[in-house]
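Student: Turn these sequences into a full structure, and let the hints guide you.
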Amino acid sequence: MTSKLIQKFLIFIFTATFFTILTIGIGRARKASIQQAVIPVAPANTPTAPATSTAQKEPPAVKQKPKNLKFTGTTYGTPFGQVTVAIDIENGKITSVETPDYPDSGPSIYARPYLIDQALSAGSADIQGVSGATYTSFAFQHSLESAIVSAGSSIF
Amino acid sequence: MGIPVHITVIDSDEEKILKSTKSAENIFREWDKRFSRFLKNSELNQINLGAGEWQDISPSMFAVISRCVELAEMTNGFFDPSVGGYLAQYGYGLPKKYELPPIPPTYRDIELDSERSRILCAKGQVLEPAAIVKGMAIDAAGKELSPLDGWMINAGGDILTKGDFPEQKYWNIAIQHPRIKNAIVTTVKIHNEAIATSGSYEVGGTTRKGENWHHQINMRTGNPTSGLLSLSVIAPTAEQADTFASIAFLYGLSKGVEFLEKEKAPYLFIDDREIIHKNELFAAREESML
Numbered sequence: 001m002t003s004k005l006i007q008k009f010l011i012f013i014f015t016a017t018f019f020t021i022l023t024i025g026i027g028r029a030r031k032a033s034i035q036q037a038v039i040p041v042a043p044a045n046t047p048t049a050p051a052t053s054t055a056q057k058e059p060p061a062v063k064q065k066p067k068n069l070k071f072t073g074t075t076y077g078t079p080f081g082q083v084t085v086a087i088d089i090e091n092g093k094i095t096s097v098e099t100p101d102y103p104d105s106g107p108s109i110y111a112r113p114y115l116i117d118q119a120l121s122a123g124s125a126d127i128q129g130v131s132g133a134t135y136t137s138f139a140f141q142h143s144l145e146s147a148i149v150s151a152g153s154s155i156f
Numbered sequence: 001m002g003i004p005v006h007i008t009v010i011d012s013d014e015e016k017i018l019k020s021t022k023s024a025e026n027i028f029r030e031w032d033k034r035f036s037r038f039l040k041n042s043e044l045n046q047i048n049l050g051a052g053e054w055q056d057i058s059p060s061m062f063a064v065i066s067r068c069v070e071l072a073e074m075t076n077g078f079f080d081p082s083v084g085g086y087l088a089q090y091g092y093g094l095p096k097k098y099e100l101p102p103i104p105p106t107y108r109d110i111e112l113d114s115e116r117s118r119i120l121c122a123k124g125q126v127l128e129p130a131a132i133v134k135g136m137a138i139d140a141a142g143k144e145l146s147p148l149d150g151w152m153i154n155a156g157g158d159i160l161t162k163g164d165f166p167e168q169k170y171w172n173i174a175i176q177h178p179r180i181k182n183a184i185v186t187t188v189k190i191h192n193e194a195i196a197t198s199g200s201y202e203v204g205g206t207t208r209k210g211e212n213w214h215h216q217i218n219m220r221t222g223n224p225t226s227g228l229l230s231l232s233v234i235a236p237t238a239e240q241a242d243t244f245a246s247i248a249f250l251y252g253l254s255k256g257v258e259f260l261e262k263e264k265a266p267y268l269f270i271d272d273r274e275i276i277h278k279n280e281l282f283a284a285r286e287e288s289m290l
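If you read the sequences in order, they're chains A and B. All residue numbers for the first sequence refer to our numbering, where the first residue is 1 and numbers rise by one. All residue numbers for the second sequence refer to our numbering, where the first residue is 1 and numbers rise by one.
FYI, nobody ran anything at the bench for these hints, they're computed from the structure. Be careful, since some hints might not be right.
Facing chain B, from chain A, some residues (calculated, C-beta under 7 Å) [claimed, not checked]:
#, residue
1, 22
2, 129
3, 131
4, 132
All values derive from a computational prediction rather than experimental measurement. Where a beta carbon is used, it is the ideal one built from N, C-alpha and C, also for glycine.
Tutor: Laid out in structure tokens, this is it:
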């Protein structure tokens, strides 16, 4: 019984430490919207960075200087299984969110966000279009066609 | 109809391209002029304003409204073109300053006379067939592009492709993340088929009269469906993809999955916890993001 208590205590300590680090990392990042991408356990102190979709401001100057930071959280349990969250931060901007340990079967697949620009520059998938339920899709403002096609567009 | 339309073509014949894309654009203009509930002079708005009396309607309109009634009957009212009334009341589209009658009209109040191409709606009934019109317009426009080697139409996020994309054959279509604007969730390989995405995260803002609101209204309850953020469905035609995505979204997750499994359609739901529910048919088309 005691070992279970110790287990719970350790899990709590590690989880709290993870979220403290995560919170500091997010506080320095441009996109507060990443909060939504994190698996549903809200950290105690959410940063106050604005979560506006039109935020195009430059990130505040980041004092600490590894250019690339990788945060990997501790693994913890959810109703869907074990979860680990990892985020990459480059020059104060979150550039990717990974869930290396998210259970991938049946209903437990998390909708990991991949930034469009990152997907394009990674060169893995040449994207010809974006399907979304939007009338003013942000994606239309990106030129996603390759140079050899000609295109026409209008608003109807 | 207020949606951006983007056409991508693959061909080496400039003149053929210009001619075909011009025809395709005209198709969209025609459909818009006829079916837009945002245009005062559209046939649709005239019908809505004249509800309560028998009205002559065009064969196009007749075909679309009949199809809507068919789908309403099939879904037992989950889908109903009378949704226009709910949308107008919330200030989304015409008629302006509109209030739903105390007993809101449903698809059962629609009478169609095929011999004389006429429609009779209940007084105060507002029709909105947009859930399937987008797909139908895309297919019609696509026919104008058939002389070309390859093409893709993207109308407000519903996409139809034909032919090979150079050097890769498949057209890679990314699925937009419902909450993060410039992010995507996955990419699928589409070839000679369509993909449509229904969702609740963009149109018309997110609050009306102090409540969380979106335009995907479950006509059995009169309220926006909850539990889902988006649904992407793949089908041979844009009309089918649009129809499946619209209906299954209104059904909600479990009934929607049941419906799409029966239709053997590839699907990807994203629920409001941002969890994905997809079938093997969809996964088989996915392109790795790594």
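Student: If a hint holds in the structure, say so; if it doesn't, say that too.
Tutor: Structure-based check of each hint:
1. For residue 22 (chain A), the suggested interface contact is broken, since its CB lies about 17 Å from the closest CB of chain B, more than 7 Å.
2. Here the hint on residue 129 (chain A) is kept, as its CB sits about 5 Å from the closest CB of chain B, short of 7 Å.
3. A hinted interface residue such as residue 131 (chain A) counts as satisfied when its beta carbon comes closer than 7 Å to some beta carbon of chain B; here the least separation is about 5 Å, so the hint holds.
4. The interface hint given for residue 132 (chain A) holds, since its Cβ lies 3 Å from the closest Cβ of chain B, which is under the 7 Å cut-off.
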